[in-house]
Structure formats: structure tokens, C-alpha cells
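Model the full assembly from the supplied sequences, consistent with the hints where possible.
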Amino acid sequence: GAVVSQHPSWVICKSGTSVKIECRSLDFQATTMFWYRQFPKQSLMLMATSNEGSKATYEQGVEKDKFLINHASLTLSTLTVTSAHPEDSSFYICSAFLRGTSTDTQYFGPGTRLTVL
Amino acid sequence: GDSVTQMEGPVTLSEEAFLTINCTYTATGYPSLFWYVQYPGEGLQLLLKATKADDKGSNKGFEATYRKETTSFHLEKGSVQVSDSAVYFCALIASNYKLTFGKGTLLTVNP
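Line order of the protein sequences matches chains E and X.
According to this note's numbering, numbering within the first sequence proceeds without interruption in unit steps and concludes at 1540.
According to this note's numbering, numbering within the second sequence proceeds without interruption in unit steps and concludes at 118.
Hints in this document: simulated from the structure, not taken from any laboratory.
The reader is advised that the hints may include incorrect statements.
Calculated cross-link-like contacts (lysine-lysine; reagent style BS3-like; alpha-carbon spacing at most 30 Å) [unchecked claim]:
(1) X:LYS67 <-> E:LYS1464
(2) E:LYS1464 <-> X:LYS105
(3) X:LYS84 <-> E:LYS1443
(4) E:LYS1478 <-> X:LYS84
Now the structure itself:
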């Protein structure tokens, strides 16, 4: 149980275009999802918290107009990288938050590798 | 604020060796503690977790015990395999549902 999928798994785009990444919780409902960015050989950097039916909360230093987040349903959150540039190339990972009877846990998707040419 | 400190790698072991990756934390309240594993080119997988003092999380031969007195959650495995080669992240969730990660430890197991 607690499976999270991401689509696409990798994408290559030209500079200036926009790219949408989907994050789905397959077997549970998630009112809260998180978006992370990971640079090579580094830990995950939290970008934003996505809440179903409300605006996302962005971490300090993350441009909300560049990284658009939409959490339209209890199983789907999307991250759109607008007007992508080579410096946006990275590994983007989402997680879905599951409230448990004994503990709350985040379950992660497999990640999306974005390369901007 | 909350923080997680884990031993810096890389760690290189031979197959069947004993593994310990140290992790200590600082947090307000009573956090839940986690170990995640990331295989090359993949996202993070939950390896094990513990929610309160003296709880032991275990999975796939890995174990970690929540030690409140030493604020630690060290990861151990008695006999590692080549397939255990990955990056291991210690993490906690405190009061705001956000995960705080350590920097990760790269483990390489040689046959």
C-alpha cells in the first residue's frame, strides 16, 4: 500500500517552454503533498507544500510564479515549471502525506528528471 | 529549529559485513523518526520508522531504535548485501508535518 506515482519519469525540453509534472497517490487520499528538488549527490530540498483545494505554501527562496502547483483532487498534485531554463534542470520528487493511527508518514514518488536544453 | 545529523559517507563495506549509520536529531516535542533509502536514479523508499521512545523499526534486516535519551536513531544491519548499495537518509517529522532530512549517506557494498 501507500504507492505514489509520478509522470513523466524523465523529460527533455527546450529553454523557454513549460513542463508539467504529475504526482498521484494511487491507493490513498492525500490532502497534503510535498514537492522536492534534488541536486546530484545532495539531500532533498523542500520546495513547497501542496494542499488540496487551497494555495500551495512555498519555502523561502522558491519562486511561486515559476513553479506553479495545483492540487485539484485528493489524489493528484501537479508542478508546472514555467519558462524553463537550464538551471531548472534537476530531479523533482513529490511525496504524499498519509495520516496514520500511530504515525504520520510521507510516501515518495519515483521522481522526474528534468533536463532543459 | 529541527535538524538531523547523520554520519557522512561514503561508506564502503564488503558483503556480509556489519553496518551502522549513525543519526542524531534535534527537535521540539516528540518527533517521529524515519530511515529512507534511495537507489540510483530512483525516488525515496520508506525503509523503517519509529514513533516513540524505545520503539524499534525494522525491515529487510535493517533495524533502528528510537533513543530519546541520546536523541539518536542509528541504522544497523547485521549482514549487508550488494543489493543494499544505495543512499540512506535519516529524517524526522515534528509538529508541522514536514520532513527534515539528514544529508544522506552513500553505502557501497562490494562482493
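*Return the numbers of the hints above that this structure violates; sort them in rising order.*
Numbers 3 and 4 - these are the hints that the structure violates, sorted from lowest upward.
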